[in-house]
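**Student:** Residue numbers (my numbering), protein chains in the order written: chain A, 1 to 429; chain B, 430 to 858.
A hint or two may mislead.
[Stated by the list, open to error] Each computed EDC-like pair below joins lysine to aspartate or glutamate, with the alpha-carbon atoms no more than 16 angstroms apart: (1) A:K58 to B:E482; (2) B:K437 to A:D124; (3) B:K487 to A:D124; (4) A:K20 to B:D702; (5) B:K437 to A:D121; (6) A:K8 to B:D550; (7) B:K437 to A:E53; (8) A:K8 to B:D553; (9) A:K8 to B:E482.
[Unchecked claim] Which stretches of chain A does chain B cover? Using the computed rule of at least three CB atoms under 8 angstroms from a CB of chain B, they are: (10) 45 to 51; (11) 59 to 68; (12) 113 to 119; (13) 131 to 140; (14) 256 to 264; (15) 287 to 293; (16) 381 to 393.
[As the list claims (entries may be wrong)] Pair ranges (Cβ atoms, derived): (17) B:E781 to A:A149: 51 to 61 angstroms; (18) A:R337 to B:R489: 33 to 43 angstroms; (19) A:R312 to B:R489: 25 to 35 angstroms; (20) A:S191 to B:E529: 26 to 36 angstroms; (21) B:H514 to A:P331: 52 to 62 angstroms; (22) A:R337 to B:G491: 25 to 35 angstroms; (23) A:D273 to B:A698: 36 to 46 angstroms; (24) A:K8 to B:G665: 28 to 38 angstroms; (25) A:V418 to B:A698: 33 to 43 angstroms; (26) A:G32 to B:S478: 31 to 41 angstroms; (27) B:G461 to A:R337: 56 to 66 angstroms; (28) B:E460 to A:L237: 47 to 57 angstroms; (29) B:E529 to A:K8: 22 to 32 angstroms; (30) A:P331 to B:G491: 36 to 46 angstroms.
Source of the hints: derived by calculation from the structure; they are not laboratory data. This structure is a prediction, so every number in the text was calculated from the model and none was measured. From the three backbone atoms N, C-alpha and C, an ideal C-beta is built for every residue, glycine too.
There are 2 protein chains.
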Amino acid sequence: MDSHRFAKRVEQLAPSSIRKMMGIARRLAQEGKTVYELNMGQPDIACISGFQEALTAKVREGHICYSPFIGETYLRETFARYLNHHFDQRKVKHLVVEKENVLVTVGASHALTSTFLALFDPGDEILCVEPFFSPYSGFMAVAGGVLKAIPTFAEQGFVLPDDDQIEKSITPKTRGILFNSPSNPSGKILSEDELTRLARLALKHNLYIIGDEVYREMILGDQESTSLLQVQLEAGLMEKFKNSFIIIDSASKSFSLCGARIGFVVGRAPIIDNIAKVVAHTVASVSDVVQYGVARAYEQILSDAEYVRNLRHTYRERLDVAMIAIKEYLPHVVAPRPDGAFYLMIQFPDLEDVNEYAMFLLERFNLGGETVAVTPAASFYLTPGRGRNEVRLALVYEPEKIRRSIFIMGEAYKAFKVYRGLEKKASLR
Amino acid sequence: MDSHRFAKRVEQLAPSSIRKMMGIARRLAQEGKTVYELNMGQPDIACISGFQEALTAKVREGHICYSPFIGETYLRETFARYLNHHFDQRKVKHLVVEKENVLVTVGASHALTSTFLALFDPGDEILCVEPFFSPYSGFMAVAGGVLKAIPTFAEQGFVLPDDDQIEKSITPKTRGILFNSPSNPSGKILSEDELTRLARLALKHNLYIIGDEVYREMILGDQESTSLLQVQLEAGLMEKFKNSFIIIDSASKSFSLCGARIGFVVGRAPIIDNIAKVVAHTVASVSDVVQYGVARAYEQILSDAEYVRNLRHTYRERLDVAMIAIKEYLPHVVAPRPDGAFYLMIQFPDLEDVNEYAMFLLERFNLGGETVAVTPAASFYLTPGRGRNEVRLALVYEPEKIRRSIFIMGEAYKAFKVYRGLEKKASLR
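Please take these sequences and the hints and turn them into a complete structure.
**Tutor:** Here you go:
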């Protein structure tokens, strides 16, 4: 035998559909095609200015050093201040976060994987609100944990199922509940009531509750996001809740800093210290100079409320344009208006497997040399069959390009119907 | 029960002795003590200039984006060019590296953990040349693998034991051999003969062979480092060797870029692709702007041979000063001159547990407000009892400070003897 086997866990790891489309899109772009990459949550907006200034200044000093593996103190302090300020300015009751409650990671991905590696043994089960950010299953597979779905549905506004419905999925192996709110991909914001219900369920069954809150600031309508830090329970339960919750956050989306790779875990100090041990043994530490840059970004929005207001305005405008364009160019689809994050889920009721359409659109179709990359949504679901006629769009272009992209999708849809019809005829021969 | 259990793997993860000393040293520094931090391989030298220029220019452009999870193409290409050039300029026969053979990671730590997670299942055994970089055991514990020592000894110049001695440790569970050359902590450079022996052993027993070559450029004497890329075998074995070897590298040490967090895995494309899946599911991707900076660093040394020459000169000068100072101020210790990397191992034959001395030196002792942090060496060994009377020094200060540090260590040693004597008397009362 000339080659060796790999670990069993890698069999469960595959590049996500998001990244697969990115690969093809970049190749086509190199070949001269214009591809609107609506497949990835990579904002087109320039990054926050404070990051550039602080990082540049720090790099000029010339000493690029190991960080404590829990993260640089000034960033942990600044991020804690930002979180507390986020709730205080809304006059919302919340648990107060201090630097001891904050761990710095290489983006939210590393925050999630490190958390899973620290909490879960192989075979442990974790309930996850579905649809969910597809890489969750791979992050969990690295730790050997098993995701199980809590299904929610567009037609019902993605509301959580009743408690007893959720409890049917709980087994002696269940160790946690995981959700993303505002949700990538659905845009759903869990209400205070839903969040409290999940927290009570977690406490009743002695589970961790992990909230991925990276889209906290990305609000597209009137409903504000609700954080695990806001959950109010009777005094007897509160202590246990504090030992059970974990929040994931990131600088990537709000500040257009996807390439900075800075994320956070928030929780009680003993939990943070244990997850920090995993960080120490996966990446040793996070880039010190980048942490300086990101700390300044948080400082900047602490003193400049306009930043987040403008951000929301930008994405709302894009969403408005997208909703109008969908009605006009894709009248046959189902596309509920999201409340948060910056994605749109579009169902094509008459397509059996949306992959074919998505690949046709990307590789075979163009309008004046232009086309669109979208993400087929099946990987956002665990429940077999779900998402097969659905795609996700990320609102990461200016309104005119979003309108143009959806127009191209509409034209491609018509062409795809003809193409499929011809193919079927051919196969009957 | 108010709190939850953690995953079993975290029980095996503890902050390394290196980092533990760092924590105490930083606290004392804040309290006003001057601490020479010889405990950590964090160069004091300013980072390479090309990094600063390229990173700053890229950040100014304002778009900070996700990278492909295998790494940015230009960095992978530049790093491959650097590796080939390293051997070509020495007229050394070697396997040619192309970008397909290169994966970018968050430093060598992440390169190692990702490799271990991709190759090894829980319970798999890996032989490791001892003494070794202590975090190896934690990196392996994240994957559930088990390290077993191939002991080498200072008195024998750290030569590898005979084949049959090594083979005694091989069981049906053994899946790899791991070494670090030039070695942190011993400074040992594996000879071409030793490397070839390890390669043959790996092939004979169907094992991976993983070479951590991060100190490739840090040569302190006449012996150049030897890479797995230089191993020459008969044609029949070469194909299998290509499917068996993996090289770990990093930009941290040669360029004084510890805080950049850029490392590399080098291997055959199918191996690289599988490890890349783990990278995708641990950190998603590595910072794009930092990759730009590091690519420029490699470009710079491709055209400027002086850089590495100066680097070697700097560390040789430090080592010379250290060896003279040890003879003068610590005449009772055993400290072999290392061939590579930038560490010194010092044995104190008359100390039972060097931890007590190291803590005394750091916390209780000072000379004009100054003291020294060193790393007790027990964690660099798996074999029980080894390293207990040994410390590691990193040559990360200018010569005068290194001389001063060793002088302080000598004075502290005398004071420690008196202190221990008094303590023993007290305990007899």
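**Student:** Each hint: holds or not?
**Tutor:** So, going through the hints one by one against the coordinates:
no.: 1; hint: A:K58 to B:E482; in the structure: holds (12 angstroms)
no.: 2; hint: B:K437 to A:D124; in the structure: holds (12 angstroms)
no.: 3; hint: B:K487 to A:D124; in the structure: violated (43 angstroms)
no.: 4; hint: A:K20 to B:D702; in the structure: holds (14 angstroms)
no.: 5; hint: B:K437 to A:D121; in the structure: holds (7 angstroms)
no.: 6; hint: A:K8 to B:D550; in the structure: holds (7 angstroms)
no.: 7; hint: B:K437 to A:E53; in the structure: violated (43 angstroms)
no.: 8; hint: A:K8 to B:D553; in the structure: holds (12 angstroms)
no.: 9; hint: A:K8 to B:E482; in the structure: violated (43 angstroms)
no.: 10; hint: 45 to 51; in the structure: holds (count 3)
no.: 11; hint: 59 to 68; in the structure: holds (count 9)
no.: 12; hint: 113 to 119; in the structure: holds (count 4)
no.: 13; hint: 131 to 140; in the structure: holds (count 3)
no.: 14; hint: 256 to 264; in the structure: holds (count 6)
no.: 15; hint: 287 to 293; in the structure: holds (count 5)
no.: 16; hint: 381 to 393; in the structure: violated (count 0)
no.: 17; hint: B:E781 to A:A149: 51 to 61 angstroms; in the structure: holds (58 angstroms)
no.: 18; hint: A:R337 to B:R489: 33 to 43 angstroms; in the structure: holds (37 angstroms)
no.: 19; hint: A:R312 to B:R489: 25 to 35 angstroms; in the structure: holds (27 angstroms)
no.: 20; hint: A:S191 to B:E529: 26 to 36 angstroms; in the structure: violated (49 angstroms)
no.: 21; hint: B:H514 to A:P331: 52 to 62 angstroms; in the structure: holds (60 angstroms)
no.: 22; hint: A:R337 to B:G491: 25 to 35 angstroms; in the structure: holds (30 angstroms)
no.: 23; hint: A:D273 to B:A698: 36 to 46 angstroms; in the structure: holds (39 angstroms)
no.: 24; hint: A:K8 to B:G665: 28 to 38 angstroms; in the structure: holds (30 angstroms)
no.: 25; hint: A:V418 to B:A698: 33 to 43 angstroms; in the structure: holds (40 angstroms)
no.: 26; hint: A:G32 to B:S478: 31 to 41 angstroms; in the structure: holds (37 angstroms)
no.: 27; hint: B:G461 to A:R337: 56 to 66 angstroms; in the structure: holds (59 angstroms)
no.: 28; hint: B:E460 to A:L237: 47 to 57 angstroms; in the structure: violated (41 angstroms)
no.: 29; hint: B:E529 to A:K8: 22 to 32 angstroms; in the structure: holds (25 angstroms)
no.: 30; hint: A:P331 to B:G491: 36 to 46 angstroms; in the structure: holds (38 angstroms)
Hints 3, 7, 9, 16, 20, 28 from the earlier list are contradicted by this structure; the remaining hints agree with it.
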